[in-house]
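Participant: Residue numbers (this note's numbering), protein chains in the order written: chain A, 153 to 416; chain B, 153 to 416.
Because the hints were derived from the structure by calculation, they are not lab data. Watch out, some of these pointers could steer you wrong.
Lysine-lysine pairs mimicking BS3-like chemistry, simulated, CA-CA at most 30 Å apart [unchecked claim]:
no.: 1; chain 1: B; residue 1: K303; chain 2: B; residue 2: K160
no.: 2; chain 1: B; residue 1: K190; chain 2: B; residue 2: K367
no.: 3; chain 1: B; residue 1: K367; chain 2: A; residue 2: K190
no.: 4; chain 1: A; residue 1: K367; chain 2: B; residue 2: K239
no.: 5; chain 1: B; residue 1: K318; chain 2: B; residue 2: K413
no.: 6; chain 1: B; residue 1: K413; chain 2: B; residue 2: K367
no.: 7; chain 1: B; residue 1: K367; chain 2: B; residue 2: K318
no.: 8; chain 1: B; residue 1: K160; chain 2: A; residue 2: K367
no.: 9; chain 1: A; residue 1: K303; chain 2: A; residue 2: K318
no.: 10; chain 1: A; residue 1: K190; chain 2: A; residue 2: K367
no.: 11; chain 1: B; residue 1: K303; chain 2: A; residue 2: K303
no.: 12; chain 1: A; residue 1: K318; chain 2: A; residue 2: K367
no.: 13; chain 1: A; residue 1: K367; chain 2: A; residue 2: K239
no.: 14; chain 1: B; residue 1: K303; chain 2: B; residue 2: K318
no.: 15; chain 1: A; residue 1: K160; chain 2: B; residue 2: K413
no.: 16; chain 1: B; residue 1: K160; chain 2: A; residue 2: K413
no.: 17; chain 1: B; residue 1: K239; chain 2: B; residue 2: K190
no.: 18; chain 1: A; residue 1: K303; chain 2: A; residue 2: K160
no.: 19; chain 1: B; residue 1: K190; chain 2: A; residue 2: K190
no.: 20; chain 1: A; residue 1: K190; chain 2: A; residue 2: K239
no.: 21; chain 1: A; residue 1: K413; chain 2: A; residue 2: K318
no.: 22; chain 1: A; residue 1: K160; chain 2: B; residue 2: K367
no.: 23; chain 1: A; residue 1: K413; chain 2: A; residue 2: K367
no.: 24; chain 1: B; residue 1: K367; chain 2: B; residue 2: K239
Please read these numbers as outputs of a predicted model, since none were measured by experiment.
2 protein chains.
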Amino acid sequence: MAELTARKEITVIRDGERRLSGDDVVVEAPLTIYLNGKELVTLLCTPEKIESLALGFLRSEGLLSSLDDVTGLRLRDDRGAVEVELKNKSGLLEKLYGRRTITSGCGKGTVFFSALDALRSSPVRGDTVSLTAGEIHSLMGELQERSLLFKATGGVHSAALAGSGKILLFCEDIGRHNAVDKIIGECLQQRITMEDKALVCSGRLSSEILLKAAKLRLPVLISRAAPTTLSIELAESLNITLVGFVRGRRMNIYTHPYRVKDDM
Amino acid sequence: MAELTARKEITVIRDGERRLSGDDVVVEAPLTIYLNGKELVTLLCTPEKIESLALGFLRSEGLLSSLDDVTGLRLRDDRGAVEVELKNKSGLLEKLYGRRTITSGCGKGTVFFSALDALRSSPVRGDTVSLTAGEIHSLMGELQERSLLFKATGGVHSAALAGSGKILLFCEDIGRHNAVDKIIGECLQQRITMEDKALVCSGRLSSEILLKAAKLRLPVLISRAAPTTLSIELAESLNITLVGFVRGRRMNIYTHPYRVKDDM
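Turn these sequences into a full structure, and let the hints guide you.
Facilitator: What follows is the structure, encoded as structure tokens:
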């Protein structure tokens, strides 16, 4: 993980005593995404799984729907840029530049409100997907256990995809949104469907995270942090089970608790 | 604070026992900013101090530099929109749409890399600005003490402007970036200079937060969370004192420790 942290010389003050010390700091790096030869956006991210990040970002933005849309994917500029080629080039730029940007509090999210109405009319299924309270606690425990970059630096969010009570994919990033987009990108790359899975996150569940999940028909969202009113309202109408504040031996189920079973 | 939280009926599982309960959840609401009659962006935010948020956002984006640029500021749509009129209308839209977007991990930030080079050549002054380690601890304590919305919901970030060891302005928002932009907007509205002040934040210090501060020539940035490599490197070259992990009786000074004095 050498390239994801950097050693910095710092001054530590503890109990009034000042000393020089070394500290591992999380690397933040720009990643420019080129779409069909045109510069689209530059994300600031943890430079790991950057192809997944690029694909997940484009999926979240509604610019591609499966790996079959992708005809090219290349890293360049010493991993500071990704070139993505998509089929169906016409119309892409109009799609991009004709929209207004909705962007959140704490997330690079650029989610679009017209998407809301579309999603509202088409709730997530996954009515038979369920997991037990004990499984949720153990998934959250494993998420924290695997967050090595967080343990080293305290400066990243983590996200995981879980199925059958197990973590299948795990990603970390300085960005709450980037971590989720990396999971989405990996699902595309490995052709994993999210319709019967749960997404486990370290960060807050704002409406943008909820919408990312909803677009992929993901039925269960789990976090150790707080949701917002808007994410709860969306989850309610979209038939998504929203679980927050999974800490210690407690959790809050905000919507559709039927998918969380009691332990035997 | 009634309109900033909403009561939701939730299911709590604790130690395997399931019960229904009420829970206060932080309100997330869209705020659309219209600039000179054209829709610019929709932020998702905590609907408080929204004029300050709009002004601070525009300032951070480099679209205005002082209150003198603002010829109109109106709330509309039951506080879901703000109309801002700026002088010097020509050129504004070119400025806006000709740029690439740089957006971070965990922040709505849309900061532009061309700005980096410009800033690098012009470090912050404030060489005579200083505060003691004890003052930093007490500012962080007061920040947490005043974070009523966080105490109620666990779902927001807070930011404060400090001068002469005291908190002068305080803001909360679901977004790390929004909280800082609200402070910046309030400074504009009250014509408070930031050049001799410190910014105290609950959230991580990514490069975007650093750049917001740098644009306002703010010499000291304090957080209870982690910085990134990029924010440290920028702070180093811009002569900004970066203090992180202010917790308990400890803090890490990442750059320019000369502004942090020992307590007598």
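Participant: Does each hint hold? Answer for all of them.
Facilitator: Outcome of the hint check:
Of the supplied pair hints, the one linking K303 of chain B and K160 of chain B holds, its CA atoms being roughly 16 Å apart against a limit of 30 Å. Using a Cα cut-off of 30 Å, the hinted pair K190 of chain B and K367 of chain B holds, with the two alpha carbons roughly 25 Å apart. Taking the CA atoms of K367 of chain B and K190 of chain A, the gap is near 29 Å; set against the 30 Å cutoff, the hint holds. For the suggested pair K367 of chain A and K239 of chain B, the alpha carbons sit about 41 Å apart, so the restraint of at most 30 Å is broken.
Our distance criterion of 30 Å between C-alpha atoms is met by K318 of chain B and K413 of chain B, whose separation comes to about 16 Å. Simply put, K413 of chain B and K367 of chain B have alpha-carbon atoms about 25 Å apart, close enough for the 30 Å limit, and the pair holds. This hinted pair checks out: K367 of chain B and K318 of chain B have alpha carbons roughly 22 Å apart, not beyond 30 Å. Among the hinted pairs, K160 of chain B with K367 of chain A is consistent with the structure: their alpha-carbon atoms are about 25 Å apart, no more than 30 Å.
For a cut-off of 30 Å, the pair hint linking K303 of chain A to K318 of chain A stands: about 21 Å separates their Cα positions. The straight-line distance between the Cα atoms of K190 of chain A and K367 of chain A is roughly 25 Å, inside the 30 Å bound, and the hint therefore holds. The suggested pairing of K303 of chain B with K303 of chain A holds, with an alpha-carbon distance near 25 Å, which does not exceed 30 Å. Proposed proximity of K318 of chain A and K367 of chain A is supported: the alpha carbons are some 22 Å apart, at most 30 Å.
A threshold of 30 Å between alpha carbons decides the hint, and for K367 of chain A with K239 of chain A the separation of about 20 Å falls inside it, so the pair holds. A distance of roughly 21 Å separates the Cα atoms of K303 of chain B and K318 of chain B; the hinted pair therefore holds under the 30 Å criterion. Under the criterion of a C-alpha separation no larger than 30 Å, the hint pairing K160 of chain A with K413 of chain B is consistent with the structure, at around 21 Å. Of the supplied pair hints, the one linking K160 of chain B and K413 of chain A holds, its CA atoms being roughly 21 Å apart against a limit of 30 Å.
A C-alpha spacing of about 14 Å is found between K239 of chain B and K190 of chain B, which places the hinted pair at or below 30 Å, so the restraint holds. Between K303 of chain A and K160 of chain A the alpha-carbon distance is near 16 Å, which keeps this suggested pair within the 30 Å criterion. For the hint linking K190 of chain B to K190 of chain A, the alpha-carbon distance of about 26 Å falls within 30 Å, and the restraint holds. Simply put, K190 of chain A and K239 of chain A have alpha-carbon atoms about 14 Å apart, close enough for the 30 Å limit, and the pair holds.
Of the pairs offered as hints, the one joining K413 of chain A and K318 of chain A holds, with about 16 Å between alpha carbons and a cut-off of 30 Å not exceeded. The straight-line distance between the Cα atoms of K160 of chain A and K367 of chain B is roughly 25 Å, inside the 30 Å bound, and the hint therefore holds. Only pairs whose Cα atoms come within 30 Å are accepted, and K413 of chain A paired with K367 of chain A is accepted, the gap being roughly 25 Å. Between K367 of chain B and K239 of chain B the alpha-carbon distance is near 20 Å, which keeps this suggested pair within the 30 Å criterion.
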